[in-house]
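Number of protein chains: 2
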Amino acid sequence: MFDKILIIGCGLIGSSILRASLSKKIAKKIFVYEISKKNISKIKKISSKIIILKKLDQNISDINLVILCTPMSQYKKIIPKLNNFLTHNSIITDVGSTKSNIDLLIKKKLKKSLDWIMSHPIAGSEVSGPEYGDKNLFKNKWCVIIKDKNSIKFKKITNFWKKLGANIAVMDKNEHDKIFSITSHLPHLIAYNLIKTAQDFQKKYKKNLIKFSAGGLRDFSRTAASNEIMWRDIFFSNKRNMINSIDSFIKNLNIFKKNINNFDEKNMKKILVNSKKVRKQIIELKQDVSKPDFGRENL
Amino acid sequence: MFDKILIIGCGLIGSSILRASLSKKIAKKIFVYEISKKNISKIKKISSKIIILKKLDQNISDINLVILCTPMSQYKKIIPKLNNFLTHNSIITDVGSTKSNIDLLIKKKLKKSLDWIMSHPIAGSEVSGPEYGDKNLFKNKWCVIIKDKNSIKFKKITNFWKKLGANIAVMDKNEHDKIFSITSHLPHLIAYNLIKTAQDFQKKYKKNLIKFSAGGLRDFSRTAASNEIMWRDIFFSNKRNMINSIDSFIKNLNIFKKNINNFDEKNMKKILVNSKKVRKQIIELKQDVSKPDFGRENL
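Protein sequences, first through last, are from chains S and Y. FYI, in this note's numbering the residues of the first sequence are 1 to 299. FYI, in this note's numbering the residues of the second sequence are 1 to 299.
One chain only, chain S, in its complex shape (with noise of 0.2 Å):
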């Protein structure tokens, strides 16, 4: 399909995109650039037949696909580099979870001859590094990608996702910081929260409550345990979306709180009746596995 292409940044999606790769002989040969020596050494076990470069110099010049997999906050750093190097014959493609300001850094950093087609494959997991990367990974899952005019390489960076097993959605940027400040950049902002306000209980009344987590609290713990740095970048990137859909779900916490207040028993079931729909609607659209507690484990 490739040539040649580089995986720059190789944690967890780095990983899975690599394994994936081989496994599909997506390309010819795979280039890895990664800062990480500890990563290194891992990335080394996955196969022999990856190349791992010290630098971002010219041996890039003649690569097909760059993949850029670091946090967010490295992309302003990297595309220097690719200004250098990159030919006109390359697509280089992201995974980065917000796609406003990712728009705004090419057009103000990148060189006009490069082509940038931005993706992002809603896949991950609370565990980082390429010891947990998966060839799987992407597979049924939905993979967004911006739309754009050039619309040759378009289709290639289509086809690549699609060649890792994932469903392609086709979003206005715009659109797709809208829709993932609800689905998942609010979510995990809630959870972290969450667990900070037990931690302020704990520290308030000395009372060990993280012992009887299992009755709710675990769940939130999972996605509060995700990579600070990705969520920290997210979360800026997506500022006015974060701050609006903070602001959306406080009023429906007021609202609750005044129907508990109230007694307000039709209002509340309706909430609550309500809500139990989506899980339905969630397991029907293969979003989610349908067996009752996710199939966890008795522990």
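Be careful, since some hints might not be right.
Just so you know, same-sequence chains aren't split out, so a pair can sit in one copy or run between any two.
Claimed, not checked - With a straight-line Cα cutoff of 35 Å, these simulated DSBU-like cross-link-like pairs (lysine-lysine) come out:
| no. | residue 1 | residue 2 |
| --- | --- | --- |
| 1 | 111 | 139 |
| 2 | 24 | 258 |
| 3 | 112 | 277 |
| 4 | 173 | 108 |
These are computed hints drawn from the structure, not numbers from a lab. These numbers were taken from a predicted model, which means no experiment stands behind them.
With chain S held as given, fit chain Y onto it using these hints.
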């Protein structure tokens, strides 16, 4: 262990107690009282040994242990019936998720000669109904038992839950309600309200965002699919703690919003890094599985 036990309300929890009691030979005879005809036919299939009661009448007079497993809002209807027929030889317990309200009800409504030791097994799922019951539901889970002056009956209730596999935690009713407002009730309340926020967004922008819920929302949808009657009762019963915990949580959300607005990398990273530690503790305390993504299967 007991001659005769009676389970009142036989959904997920009641039928799990039923199954575990049969399996552990907890009683010579097990009676069940359940108002849903649909549930009764499901319960009959569990074992031919179960005796289904049609009424709470003189047939319950010599029951040694009564376990209330209905939604808490039903207790005030059931207590007068227990008053009519139970004797001092019986013990009453319950599995309600809040305790101060039940204590109040006991003091107001229960005949003085009867003893009620309150308990709360920290186990459950988003699904409801006797078909989902599991004899191992309480195995290695906490069961909170509320302190009581009647040491003989307290001991009997403790042994009952131990036999079902639970680990015992003894608490004061107010301490219980405070702790579980954070570890269980607030997480559920938040999950319901996050789903509500997503539904509002969907209506407003006419976008199908549920199909992209794999990025985080899907976890919350599981919690928000929990039984609406049970949870309405909990939110109302634990009113004061719920309002306090919503306020603490909103306070944290507003600080986080400010951190986003100010691009305050340092403070935000601190919150995110600290949250991660809780996940580790939860796994060490064996309150959740250690496998990434709950060991959830790829779809």
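Hint numbers contradicted by this structure:
Result: hints 2 and 3 break, sorted rising.
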